Structure formats: C-alpha cells, structure tokens
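Peer 1: Heads up: the protein sequence lines correspond to chains A, B, C and D, in order. Sequential numbering from 901 applies to the first sequence in the working numbering. Sequential numbering from 901 applies to the second sequence in the working numbering. Sequential numbering from 901 applies to the third sequence in the working numbering. Sequential numbering from 901 applies to the fourth sequence in the working numbering.
Just so you know, these hints were derived from the structure itself, not from any lab. Here the structure is a predicted model, which is why all the values come from computation and not from measurement. Keep in mind that the hints are not guaranteed to be accurate.
Any copy will do: because identical chains look the same in the list, a pair fits if it lies in one copy or spans two.
Dumping the calculated EDC-like pairs for lysine to aspartate or glutamate here, alpha-carbon to alpha-carbon at most 20 angstroms [what the hints assert, rightly or not]:
no. : residue 1 : residue 2
1   : 904       : 995
2   : 904       : 927
3   : 904       : 956
4   : 904       : 941
Protein chains: 4
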Amino acid sequence: MNNKIGHTRWVIPEGYIPPGSHGPAPEFTSHEAFCVLNTNETDAHLAVTIYYTDRDPVGPYRLTVAARRTKHFRFNNLNDPEPIPLGTSYSSVIESDVPIIVQHTRLDSRQSENALMTTIAYPCPN
Amino acid sequence: MNNKIGHTRWVIPEGYIPPGSHGPAPEFTSHEAFCVLNTNETDAHLAVTIYYTDRDPVGPYRLTVAARRTKHFRFNNLNDPEPIPLGTSYSSVIESDVPIIVQHTRLDSRQSENALMTTIAYPCPN
Amino acid sequence: MNNKIGHTRWVIPEGYIPPGSHGPAPEFTSHEAFCVLNTNETDAHLAVTIYYTDRDPVGPYRLTVAARRTKHFRFNNLNDPEPIPLGTSYSSVIESDVPIIVQHTRLDSRQSENALMTTIAYPCPN
Amino acid sequence: MNNKIGHTRWVIPEGYIPPGSHGPAPEFTSHEAFCVLNTNETDAHLAVTIYYTDRDPVGPYRLTVAARRTKHFRFNNLNDPEPIPLGTSYSSVIESDVPIIVQHTRLDSRQSENALMTTIAYPCPN
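Generate coordinates for the entire structure from the input sequences, incorporating the hints supplied.
Peer 2: Below you can see the structure in the form of structure tokens.
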C-alpha cells in the first residue's frame, strides 16, 4: 500500500469532556477521543496543542502511533504537560511527522443513556 | 506554528434549535453550537449570516474570537440583530477576516436522555 | 456575498428511514433529512436520484430551493416518482443547476429516547 | 450521469464494535457499518484492510458492490480472513477498483436506548 495516506496536521475545533458519567468505567466514562491511523512503515510522532477560550494554548502533548497501527486516544487521559479540565471548552491541533488520518468522537454518559457523535477531523492542506 | 490554518468562509446547512429541554441549564439546554478555532496571532472578526426557508437572510451577527483562542458559540445566544426562533429550520454562513476552523454540534435534550450530533462545517475554497 | 458557494453534485451514501417512532409527530417522527442552502440570487433546481441494493436507481425527484433560502427536505416525504420504503438501505445523489451546500441528518426515535447523527454530505468536485 | 463519482481509497480511523446490545436483532444489534455507493456502470471490487493497536493489519477482505447499487456493510459481519473482535479499537482502509463514496455509521445499543453517529469517511486524493 502507498504509505503516503493522510495529512500531517489536523484540527478538531469542538472539545468538551462531559463532567460526569453513568455506567461502568472505562467503556461508559464520558470522554472525547481522537482516533489516529498511521499506515506508514515508520512510527508517527504526534504533537498535540490544546487551545482554550481564556488562556494561552497548552502543549505540545507528545504521543506516538507505531508503524501500521491505529491508536484511539482519549483527551481525558492526556496529562503531560497538564490534564484538560472537565466541563471546559477547548480545541485541538494534532501534528505528525508523517501523514496520518484523524477522527473525533465523543461519548457522553452524563445522563443514564449514552449519546455519541463523530466526525472526520479537519485536514490542513499539506 | 504556521498561522494560516483554515478557511475564511464556512457553511452549516443544517440548523434547528430544539424547542424544549430536560436537565439542568445551561449544560443540558437543547442547543446548536458552532465551535471556532483561531490559531492566528490576531483576533478573528466574524460575520454570521442566517438563512431561512421563507424570508430573507438575517445578519451580519458580529462576533470576535481572540488570537490563539477557541470559542464555542451557541446559536441560541445570538441576538443582534435578532434572536433565531426556536423550532425553525435555518442555515448559517460564517465569514472571518482571518482563516479559522469551524465545527457544528447539536445537543437535543427534548426527551429525557440527550442526543448529540456533530460535523466539521463545509469550508469554502479560499 | 459571492454567490458561487458550494458544489452542484453531492452524495449521501448512508440512507435508512427507521420504521417506527416514539413521540409527537412530526418533530419526533423517525426521519432522514438533507438540508440544502442556496446562497445564489436564483432558484436552485434539484434532481435527486435514489440508489438501492437490489434494484435500479429511482429518480429524478425534482425539488426547488428558492434564491437565498434554505430548505430541509425529509426523504420520508419524497413521493414522485415513488416513496422510499421504510427500513431499507439506500443512497442518494443530489444534483443542482447552481452551487449549493448539503448536510445529512437522521433522527431515530424507534426507541423511547431519540438518537441523532449528522454529516456534511460528500461534495463532488465541480 | 458522469460515472466518475468519488475516490478509490477511503479511510475510517474510528472503529469499535460495542460488545452488547439491547433490542431486537438485527436492527438494534450494536454495529459499525460502512455504506458504499457505486454509481459506475461496472461492479466495484473492494479490498478492506483492518488496522489494530497492537498487531499487524488484517486483510484484504474482498467485497463487491454491483454497478449502480449501494451496499451497507456491517464490520460485524466481516469474517474472511477473520472476524473483527468486539470491544476492540480498529481502523479501516477501503480500496476499490472504481470510484466509490463511503460513509461510516455506528449504532450503539449497549444501553437501553440506542445512540448513533456518522461521518463521511476520509477520501484519499485520487
């Protein structure tokens, strides 16, 4: 397979980790995730920047997706340099040293039945 | 970071603010939102136009997203030049003087459990 | 505003009208919709073709969106040349004589709480 | 109609078949689906590759969408060369010998009310 699938910079304008959950953890813990596919023969080194409404951006969060692997990251679990506060509006920019593809998903279980939403992230022209 | 991320005109064809809500306000108030990320070093000045089914477009609604900030706007809260009526079909065009990225989200809590949907808005070629 | 916003052909691969509903009609009737924005100074004349799994495509369904207006069409309500059967997989291709922007939404109220999903449709290069 | 609609390679980074369901099968069985439209006058021969987090990609899964037909495939039902385990993160790459259009949908009925999400898949430039 042609290894050059995707883009090296992606944006997710919507971000909000619902504060509260119903159902067994971790499956039903309210969360936001970004799913990354790396079809390359080399590892993808990611740098994630989190933007806020009322303070400077935070990052980079450094993550790795191995060659020919997918990884579904929860924003809830980012903690270096600092965790993302719950119940707070944010946006994210995901940069990689090789082309990747990114999808955004939220599971909201604040009420007793969960709700889902998803979209392919916005790919910046290479 | 390269500041030229995004587009200066975005479209959201779907628009409908559900008339009615369950759960505590404002988190569970039924709403439609557009989330804007401005990665530029300068503020983004937005002009939003609302299109209707049976009358002329209304706008511009003028909004600002500060440099290197995100802002999640609820259509429910737009009120100058006039509020958007609940339970009414509309579309929106969001224009900015600098490139931005826009995502559309609806939370519908008319029934006792909320439902969610999201999509990256349609970016018009620059 | 520049009137040339959008594309003249859009595709929605997913199509399925849930057979059954809970809650008051028409708001909570299970439905699939495509929302069309026409920013042009002239009416948009649409030709919709419905594709099925096991028989020939059906169409065109002819619809109009007035100049500078939006219209949210329910697939449930298409009936000329024939209605779309409930509980059946289909896809749609939406063509217009002027550029438009299209978004796909489903409300599923088969169970007692409704579920929502949406996406910008696939724009074919002009 | 111009037959060259779509792309020959599509990516869905998000993949997770919820392990558990409520409601009558098969409509309410938790599932992930990819809906394919083939507007060509010839059959589309698909090769699907599934990527995982911690092992090598699996595939190709070979599928066909007849000329001028749509087909909604459930990932749950793929089984040659092997089924996709439930409750496991994966991604998919869908390749075709003719241009197609692909949309991703999940129905999650693990809780008593179902949740839905959808997005047009990511089209790789032809």
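Peer 1: Each hint needs a verdict: does it hold in this structure or not?
Peer 2: Status of the hints after comparison with the structure:
{"no.": "1", "hint": "904 with 995", "result": "both (15 angstroms within a copy, 14 angstroms between copies)"}
{"no.": "2", "hint": "904 with 927", "result": "neither (33 angstroms within a copy, 37 angstroms between copies)"}
{"no.": "3", "hint": "904 with 956", "result": "between (33 angstroms within a copy, 18 angstroms between copies)"}
{"no.": "4", "hint": "904 with 941", "result": "within (10 angstroms within a copy, 30 angstroms between copies)"}
In terms of the numbered hints stated before, the structure departs from hint 2 and from no other.
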